[in-house]
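> Got chain A sorted already, so can you dock chain B onto it with the hints?
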Amino acid sequence: MKPNLSRKDFLSLAGSSAAAWTVSPLLSENYLPRLTFFSPPGQEPQGDVLVVVFQRGGMDALNAVIPHFEEEYYRKRSSLAIAEPNSGDDNSGIDLDGQFGLHPSLRPLKDLWDAQSLAIVHAVGSPDPTHSHFDAMDFMERGTPGEKSISTGWLARHLQTVAWENESPFRAVGIGNMLQSSLRGPVSATSMRSIAEFHLGGSTDSAELLKFQAAVAEMYGQGSMLDPVANLTLDATGTLTQVIDANYTPNGGAEYPQSQFGQALLQVAQLIKAEVGLEVAAVDIGGWDTHATQGALDGAMPDLLSDFANSMAAFYADLGDLTKRVIVVSMSEFGRRLEENASGGTDHGHGGVMFVMGNNVNGGKVYGNWPGLAPENLYGPGDLQITTDFRDVLGEIVQTRLKNDKLSEVFPGYTDYKNLGILKT
Amino acid sequence: MGAGILAGFTVRLHPSKAQKTCAPYPRSMTQLTRNDFLKLSGLAAAMTALSACQPLFGDSGPSGAVMREAQVLGSPLSGSPDEDWVLMCTLHRISFGPTPNEVERAREIGIENYIDEQLNPERVEETDLPTDILNSLTLLGMNPQELFELEMRGRIIGELTANALLRCAYSKRQLNELMVDFWTNHFNIHAAGNPEGVLKVRDDLEVIRPNALGNFGDLLHASATSPAMLTYLDNASNTKNGPNENYARELLELHTMGVDGGYTQLDVEEVARAFTGWSVVGPRRRLFADGTPGDFVFQANLHDEGEKLVLGKTITSSGIEEGQAIIDLLVDHPSTAEYISTKLVRRFVADEPPRSLITRAAETFTNTSGDIPQVMSTILHSDEFKASLGQKVKRPLEIFVSALRLTNASIQFPNRSLAPHLTFMGQPLYRWETPDGYPDTADAWLGTSGTLSRWNYVLALAFNTMPGVEINWEALVEDTTTHEEIIDQLGYRFIGQTLPEEARQIVLDFAGQIDEEFLLPGIGALILSSPYFQMR
Numbered sequence: 001m002k003p004n005l006s007r008k009d010f011l012s013l014a015g016s017s018a019a020a021w022t023v024s025p026l027l028s029e030n031y032l033p034r035l036t037f038f039s040p041p042g043q044e045p046q047g048d049v050l051v052v053v054f055q056r057g058g059m060d061a062l063n064a065v066i067p068h069f070e071e072e073y074y075r076k077r078s079s080l081a082i083a084e085p086n087s088g089d090d091n092s093g094i095d096l097d098g099q100f101g102l103h104p105s106l107r108p109l110k111d112l113w114d115a116q117s118l119a120i121v122h123a124v125g126s127p128d129p130t131h132s133h134f135d136a137m138d139f140m141e142r143g144t145p146g147e148k149s150i151s152t153g154w155l156a157r158h159l160q161t162v163a164w165e166n167e168s169p170f171r172a173v174g175i176g177n178m179l180q181s182s183l184r185g186p187v188s189a190t191s192m193r194s195i196a197e198f199h200l201g202g203s204t205d206s207a208e209l210l211k212f213q214a215a216v217a218e219m220y221g222q223g224s225m226l227d228p229v230a231n232l233t234l235d236a237t238g239t240l241t242q243v244i245d246a247n248y249t250p251n252g253g254a255e256y257p258q259s260q261f262g263q264a265l266l267q268v269a270q271l272i273k274a275e276v277g278l279e280v281a282a283v284d285i286g287g288w289d290t291h292a293t294q295g296a297l298d299g300a301m302p303d304l305l306s307d308f309a310n311s312m313a314a315f316y317a318d319l320g321d322l323t324k325r326v327i328v329v330s331m332s333e334f335g336r337r338l339e340e341n342a343s344g345g346t347d348h349g350h351g352g353v354m355f356v357m358g359n360n361v362n363g364g365k366v367y368g369n370w371p372g373l374a375p376e377n378l379y380g381p382g383d384l385q386i387t388t389d390f391r392d393v394l395g396e397i398v399q400t401r402l403k404n405d406k407l408s409e410v411f412p413g414y415t416d417y418k419n420l421g422i423l424k425t
Numbered sequence: 001m002g003a004g005i006l007a008g009f010t011v012r013l014h015p016s017k018a019q020k021t022c023a024p025y026p027r028s029m030t031q032l033t034r035n036d037f038l039k040l041s042g043l044a045a046a047m048t049a050l051s052a053c054q055p056l057f058g059d060s061g062p063s064g065a066v067m068r069e070a071q072v073l074g075s076p077l078s079g080s081p082d083e084d085w086v087l088m089c090t091l092h093r094i095s096f097g098p099t100p101n102e103v104e105r106a107r108e109i110g111i112e113n114y115i116d117e118q119l120n121p122e123r124v125e126e127t128d129l130p131t132d133i134l135n136s137l138t139l140l141g142m143n144p145q146e147l148f149e150l151e152m153r154g155r156i157i158g159e160l161t162a163n164a165l166l167r168c169a170y171s172k173r174q175l176n177e178l179m180v181d182f183w184t185n186h187f188n189i190h191a192a193g194n195p196e197g198v199l200k201v202r203d204d205l206e207v208i209r210p211n212a213l214g215n216f217g218d219l220l221h222a223s224a225t226s227p228a229m230l231t232y233l234d235n236a237s238n239t240k241n242g243p244n245e246n247y248a249r250e251l252l253e254l255h256t257m258g259v260d261g262g263y264t265q266l267d268v269e270e271v272a273r274a275f276t277g278w279s280v281v282g283p284r285r286r287l288f289a290d291g292t293p294g295d296f297v298f299q300a301n302l303h304d305e306g307e308k309l310v311l312g313k314t315i316t317s318s319g320i321e322e323g324q325a326i327i328d329l330l331v332d333h334p335s336t337a338e339y340i341s342t343k344l345v346r347r348f349v350a351d352e353p354p355r356s357l358i359t360r361a362a363e364t365f366t367n368t369s370g371d372i373p374q375v376m377s378t379i380l381h382s383d384e385f386k387a388s389l390g391q392k393v394k395r396p397l398e399i400f401v402s403a404l405r406l407t408n409a410s411i412q413f414p415n416r417s418l419a420p421h422l423t424f425m426g427q428p429l430y431r432w433e434t435p436d437g438y439p440d441t442a443d444a445w446l447g448t449s450g451t452l453s454r455w456n457y458v459l460a461l462a463f464n465t466m467p468g469v470e471i472n473w474e475a476l477v478e479d480t481t482t483h484e485e486i487i488d489q490l491g492y493r494f495i496g497q498t499l500p501e502e503a504r505q506i507v508l509d510f511a512g513q514i515d516e517e518f519l520l521p522g523i524g525a526l527i528l529s530s531p532y533f534q535m536r
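Chains A and B are the protein sequences, given in the same order.
The numbers in the working numbering rise by one with no breaks, and the one at position 330 of the first sequence is 330.
The numbers in the working numbering rise by one with no breaks, and the one at position 250 of the second sequence is 250.
Bound conformation, chain A alone (with noise of 0.2 Å):
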């Protein structure tokens, strides 16, 4: 039996005092949803768990979701395109509508899309036209392209403007050494590499460490800017240890890889099942930035679209029954160039595509318009052009999903919504 803890415990423990480490025995596992001692009664968040994956970097999607009619595609590609599909072939593209395919290393994706799990969006991404890694991240973790005055992520504004209230120091989480972007801002998220290294001071779980830890709370209740953070630090790991369970196998026989990435999921199916009271997760893979030696069937890019699509599939698998309330989306800065380049690489492009995984969703479907790669459809310099804006995706969840009607505050100066219908309502 793990031990809950009471609010009151919980409220607690972001004071000073040593006294408030007590956990109440008394208080059975079902006694209530751990998610209400985040919550005032009736004020329960609502809507699913949403999963932000950010592919870093600028990842190609013309050579994950290949366009395999389109002769221009191979025209331009002469090491790095997919062969069309051929079912005898493994190293073909994996059919999935007639014209577009997955990278064969995207292969364990392959079931979500056939049970419908599965959706893609198609020459998507963000309308500025900058080539900048960073201010491309930037636009689009901020949720607001071409305007650098506006600091605060988009999930973070989303977390301020729902209905309800939740206090827990796990309701965004972000998995890294860093903050994501997208949760900066007035609604405290906790950042974390890994649930097992989240705790203070060693093994050493001391009287003398508590009331070190005491001393450190009063030291950042006096009114310093670092306050906040370190309250929450408090909070969080103090939390976690009551909470969690140090020995946790995933179900369903999910394997998942070693990766960062993998790993990374991991914590948040940990997290989703411990019922801590987490409605936003943000998740990094990197490595996109393919300039050089991309690799067609083999090399770097596979070896990352290998890693996402094992990762995916595993956490989707571990998450069993929890998927019809779990979503997963995936974006990415950028796409890359059409043409490769004499490196065996792509330069950074424009239109992208974005992943859209969960129970919720009406899989089996490429959303959105396809622009053509013929010379006169391609924008700038070369590069698939944009039909959807990233913001009609992720509106679309804030709204239908995550139950949050104010989309003008989420995405501000943005009012041009396509409804995609990806998601069931």
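Please note that the accuracy of each hint is not assured.
[Unchecked claim] Think about it this way: if two alpha-carbon atoms lie no more than 30 Å apart in a straight line, the pair counts; the simulated DSSO-like pairs of lysine-lysine are: (1) B:K172 x B:K343; (2) A:K76 x B:K240; (3) B:K172 x A:K148; (4) A:K110 x A:K273; (5) A:K148 x A:K273; (6) A:K406 x A:K424.
[Said to hold, decoys possible] The following label-pair restraints were derived from C-beta to C-beta distances: (7) A:Q99 x B:A192: 36 to 44 Å; (8) B:E433 x A:R75: 29 to 37 Å; (9) A:G42 x B:L266: 53 to 61 Å; (10) A:N86 x B:T314: 47 to 55 Å; (11) A:K418 x B:T359: 19 to 27 Å; (12) A:G88 x B:K313: 30 to 38 Å; (13) B:A475 x A:H199: 49 to 57 Å; (14) A:R107 x B:D515: 57 to 65 Å; (15) B:T359 x A:S206: 53 to 61 Å; (16) B:D515 x A:G413: 56 to 64 Å; (17) B:E433 x A:Y74: 28 to 36 Å; (18) A:S78 x B:E149: 30 to 38 Å; (19) B:K313 x A:S79: 45 to 53 Å.
Hint data in this document are derived by calculation from the structure and do not stem from the laboratory.
Quantities reported herein were computed from a predicted structural model and do not represent experimental measurements.
Every residue gets a Cβ at the ideal spot worked out from N, C-alpha and C, and that includes glycine.
Below, chain B without anything else, positioned relative to chain A:
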């Protein structure tokens, strides 16, 4: 949040409380002795290959330590308390935490003169470097071909990291080391990113270090022909047959003009064309030039001979000189003066860099054709700098090194327990993947993960739970008898002032509660965990 994170910070190292209680620098505080340095240099081990079982420094490690006579430091009463506060905070800002010797020197010649001395590192004699250990980092002396042939790649970056940390800890040219860190990030190279990453060794020793307080143009020219940079940003395979824009874009965006500096996508493409053929003789097939592996090479046959138009200027066909002309153009461009100045002011003054100071620094940059010490002089002697003291959040490397320096920790060699903490805190050297370098601003570092890892580092350090790392707390608080004296002495040492009254009382209460056995490390860890030590 980014804008305001420091703006409302109310527990800044404020002089008002310190004025009355500003203790003399503890009389008993010993200098870091040469032997301590050698012990500390066990740092090297943390970074070197796991297979290196033979200590680089032999039996005369910790056991052979001979502490120098305790030295009485100059009295703080030679200046007003306000001056002492400015002096101490300035030292914390322009070093990885000042040693007693450095405090003494700054008091002797005055802080403004001390800044000038630090800006001219050749005037500062390097008496404290653990040269035996540094000399034993033999991989750093290897030429590129030898580096390529080595199988233990991790060891190469390990030795480079050890070299950097030893110099951060022991160099008396502290500002120079901060500048090395600045330029290492400005011209970031991910050393584990590709097989040529081992060439970062040459980049560090031949590009960054010799120019850290030199001329920006020299630095940029050196970087543009640095094999590690050319492979990291793929220019090594940038040819006329299919230009690769990666280096060209970051040259404009990150190295010189800044993303809003006024160039276009067309400029990026033209610059990429001009740098076609700038390559490296490499061990991999895609780097196909003849010559000695690891050397820079200009491949005329792969260079796009056509004319280029860059930033409105025509670059006539002239082979390698086209790229050189573009670099000169960029160094002279006002956007570059502005961008470099902004970054320097952000790093050395405030996350939200004051506009007035950027303007003056940029003027200096332009007037001196990119003389880095003169730009830094404008910044460090400014009123804006003084107004910012105590309000800049330390990056992990600064926490890491300053805690070691200020506690005079001794470290046995070999040592494997220290390095992971720099990784936990999020700043393992030469391992930031993207070309923008580790973030400069507090909002990137002060999440829960960063906060927790800082606390865990100082806990492990203070309680001597990292094997081979030891703090002699008794020596740090000699001649103290009361808890108050201990707290004041450690507070002054760690943060450059005695703690404000409220914080002092918190530590005092804590000291009264804990087991006597844990008293000194407990007090030390608490001050090192406090908001005050997070700042400089």
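> Hints first: check each against the structure and report whether it holds.
How the hints compare with the structure:
1. B:K172 x B:K343: Holds: K172 of chain B and K343 of chain B sit about 24 Å apart, inside 30 Å.
2. A:K76 x B:K240: 16 Å, holds
3. B:K172 x A:K148: 41 Å, violated
4. A:K110 x A:K273: 25 Å, holds
5. A:K148 x A:K273: Roughly 37 Å separates the two Cα atoms, so the pair is violated.
6. A:K406 x A:K424: 19 Å, holds
7. A:Q99 x B:A192: 36 to 44 Å: 39 Å, holds
8. B:E433 x A:R75: 29 to 37 Å: For E433 of chain B and R75 of chain A the Cβ distance comes to about 33 Å; the hint holds.
9. A:G42 x B:L266: 53 to 61 Å: 59 Å, holds
10. A:N86 x B:T314: 47 to 55 Å: With Cβ atoms ~51 Å apart, the hint holds.
11. A:K418 x B:T359: 19 to 27 Å: 45 Å, violated
12. A:G88 x B:K313: 30 to 38 Å: Violated, at about 57 Å.
13. B:A475 x A:H199: 49 to 57 Å: The hinted range 49 to 57 Å is violated for A475 of chain B and H199 of chain A, with Cβ atoms some 31 Å apart.
14. A:R107 x B:D515: 57 to 65 Å: 59 Å, holds
15. B:T359 x A:S206: 53 to 61 Å: 54 Å, holds
16. B:D515 x A:G413: 56 to 64 Å: Holds - the Cβ-Cβ distance for D515 of chain B and G413 of chain A, about 59 Å, lies within 56 to 64 Å.
17. B:E433 x A:Y74: 28 to 36 Å: 32 Å, holds
18. A:S78 x B:E149: 30 to 38 Å: Holds: the Cβ-Cβ distance is about 34 Å, inside 30 to 38 Å.
19. B:K313 x A:S79: 45 to 53 Å: 35 Å, violated
In the structure shown, a violation is registered for the earlier hints numbered 3, 5, 11, 12, 13 and 19, in ascending order.
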